[in-house]
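These protein sequences, in sequence, are chains C and Y. The numbering of the first sequence is this note's numbering, which starts it at 1 and goes up by one. The numbering of the second sequence is this note's numbering, which starts it at 1001 and goes up by one.
No lab work stands behind these hints: they were computed from the structure. Just so it is clear, the structure is predicted and the values come from calculations on it, not from any experiment. Glycine included, each C-beta is placed from N, C-alpha and C at the ideal position. Wrong hints could be hidden among the right ones.
Unchecked claim - Simulated crosslink set (DSS-like; lysine-lysine; CA at most 25 Å straight-line):
| # | chain 1 | residue 1 | chain 2 | residue 2 |
| --- | --- | --- | --- | --- |
| 1 | Y | Lys1019 | Y | Lys1051 |
| 2 | C | Lys65 | Y | Lys1149 |
| 3 | Y | Lys1019 | C | Lys125 |
| 4 | Y | Lys1041 | Y | Lys1149 |
As the list claims (entries may be wrong) - Derived, one-sided and incomplete: chain Y residues facing chain C with beta-carbon distance under 10 Å:
| # | residue |
| --- | --- |
| 5 | Arg1044 |
| 6 | Ile1069 |
| 7 | Leu1082 |
| 8 | Tyr1143 |
| 9 | Ile1154 |
What the hints assert, rightly or not - If you anchor each label on the Cβ, the simulated ranges turn out as follows:
| # | chain 1 | residue 1 | chain 2 | residue 2 | range |
| --- | --- | --- | --- | --- | --- |
| 10 | C | His37 | Y | Val1129 | 45 to 51 Å |
| 11 | C | Glu44 | Y | Ser1125 | 48 to 54 Å |
| 12 | C | Leu141 | Y | Leu1020 | 42 to 48 Å |
| 13 | Y | Ser1097 | C | Lys41 | 49 to 55 Å |
| 14 | C | Asn95 | Y | Leu1093 | 19 to 25 Å |
| 15 | C | Gln140 | Y | Leu1020 | 49 to 55 Å |
| 16 | C | Ser57 | Y | Glu1128 | 42 to 48 Å |
| 17 | C | Glu62 | Y | Lys1149 | 25 to 31 Å |
| 18 | C | Ile127 | Y | Met1158 | 53 to 59 Å |
| 19 | Y | Glu1128 | C | Ala38 | 34 to 40 Å |
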Amino acid sequence: MIAPTKPKKSSTSRFFKRFNIKWRKNRTRSLSNRAKHADDKMREILNNARPYGIMSSNQKIELLKLIQEERGIPNDIRRDVWMLATGAQRVKMNNPNYYQMSNNPERVKSCNEEKKSFVEIIRSKVINLLIWYRQLRIVQLET
Amino acid sequence: MPLFDSYPEAPDPNVIQIKLDLKRTFVAESIFTDEFGIHDKMFRILVSYSKRNPSVGYCQGMNCLVGMILMVVTNEEDAFWLFCTLIETILPLDYYSLMLEVLIDQKVLMQLIKLKNPKFLKQYSDLEVELVMKSYQWFICLYSLNFSKNISQIVWDMLFLDGD
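Make the full structure from the sequences, and use the hints.
Below, the structure is given as structure tokens:
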């Protein structure tokens, strides 16, 4: 039976032990470079999808892989990811001026109705208050 | 004049419910105050959607979805379209109208827990607490209300990229 041999220390571990600080510095720099590279790649995918307003399934898979590597999406590109992944950007492009107040008579009408009902409520409350005050004055004068 | 005609027109029940729910949305978040105008944006988006799709109208839980969207997408028009796409394309058809899909999702979740973590289910049943009551809110708000903002955003990332 052959006795198991003691594993040799690799040159990397010896290097790590001797130049601990230098090794760590290099490591962080390479990590940040990798993150930057992933960010750039995400932006590139988004820029490719932007003219169409929607992402293809391949682009989605590619983006998912990058997210898995980086464990999340940077906050500044999350908005674009949501708009393009769902296709909301495309729906917006196909329906220009749908949500604009000046070009949406249905919405203007509903907002005006809201305002009108509010004014009417206030007016009726003021009138009630005046009537009540007048009645109070009459009672005071009579007594 | 008949008595019925003298009554003023009844206000829209959707609008009343939206107004009530606005103040309850993400109370702990600092941006959800009147000074940022986010309540006005939410009100406009929800009323517009209830008019766009009267068969769905407004349901409790939609305020959380719009709130969550507005945390990321600050432009009101973009937020409206994202909300429309979420309700009409990504979520199943009856998710908010008949709520049938929510019930199905709950059944699937219960089956998954039974398979993956039966101990957890047993603990709940020992305490005589229905997990369905708790999970209902998770599905209605799409996990936006019960988890921290960062976790909910990651869940939504996955939903949008891998959901359909």
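Comparing the hints with the structure gives:
Between lysine 1019(Y) and lysine 1051(Y) the CA atoms are separated by roughly 15 Å; this keeps the pair inside 25 Å, and the hint holds. With a C-alpha separation of about 22 Å, the suggested pairing of lysine 65(C) with lysine 1149(Y) holds against the 25 Å cut-off. The straight-line distance between the Cα atoms of lysine 1019(Y) and lysine 125(C) is roughly 21 Å, inside the 25 Å bound, and the hint therefore holds. Under the criterion of a C-alpha separation no larger than 25 Å, the hint pairing lysine 1041(Y) with lysine 1149(Y) is consistent with the structure, at around 20 Å.
Against a cut-off of 10 Å between C-beta atoms, the interface hint on arginine 1044(Y) holds, since the closest Cβ of chain C lies about 8 Å away. At its closest, the beta carbon of isoleucine 1069(Y) sits 8 Å from a beta carbon of chain C; the interface hint therefore holds under the 10 Å criterion. About 4 Å separates the beta-carbon of leucine 1082(Y) from the nearest beta-carbon of chain C, less than 10 Å, and the hint is met. Here the hint on tyrosine 1143(Y) is broken, as its CB sits about 15 Å from the closest CB of chain C, past 10 Å.
Given hint, isoleucine 1154(Y) at the interface with chain C, holds; its Cβ is 6 Å from that chain's nearest Cβ, closer than 10 Å. Hint check: histidine 37(C) to valine 1129(Y), Cβ distance near 48 Å, so the stated range 45 to 51 Å holds. A hinted range of 48 to 54 Å holds for the C-beta pair glutamate 44(C) and serine 1125(Y), which are about 51 Å apart. Restraint check, leucine 141(C) to leucine 1020(Y): a C-beta distance of roughly 44 Å satisfies the suggested window 42 to 48 Å.
Checked against the hint of 49 to 55 Å, the C-beta distance between serine 1097(Y) and lysine 41(C) comes to roughly 40 Å, which is inconsistent with it. Under the hint 19 to 25 Å, the C-beta atoms of asparagine 95(C) and leucine 1093(Y), about 21 Å apart, fit the expected range. With their beta carbons about 41 Å apart, glutamine 140(C) and leucine 1020(Y) fall outside the hinted range of 49 to 55 Å. One distance hint, 42 to 48 Å for the beta-carbon pair serine 57(C) and glutamate 1128(Y), holds here, with the actual separation near 45 Å.
Here the CB-CB span from glutamate 62(C) to lysine 1149(Y) is close to 26 Å, well matched to the stated 25 to 31 Å. A hinted range of 53 to 59 Å for the beta carbons of isoleucine 127(C) and methionine 1158(Y) is consistent with their spacing of about 57 Å. For the pair glutamate 1128(Y) and alanine 38(C), the supplied restraint of 34 to 40 Å is violated, since their beta-carbon distance comes to about 48 Å.
In summary, the numbered hints that this structure violates are 8, 13, 15 and 19.
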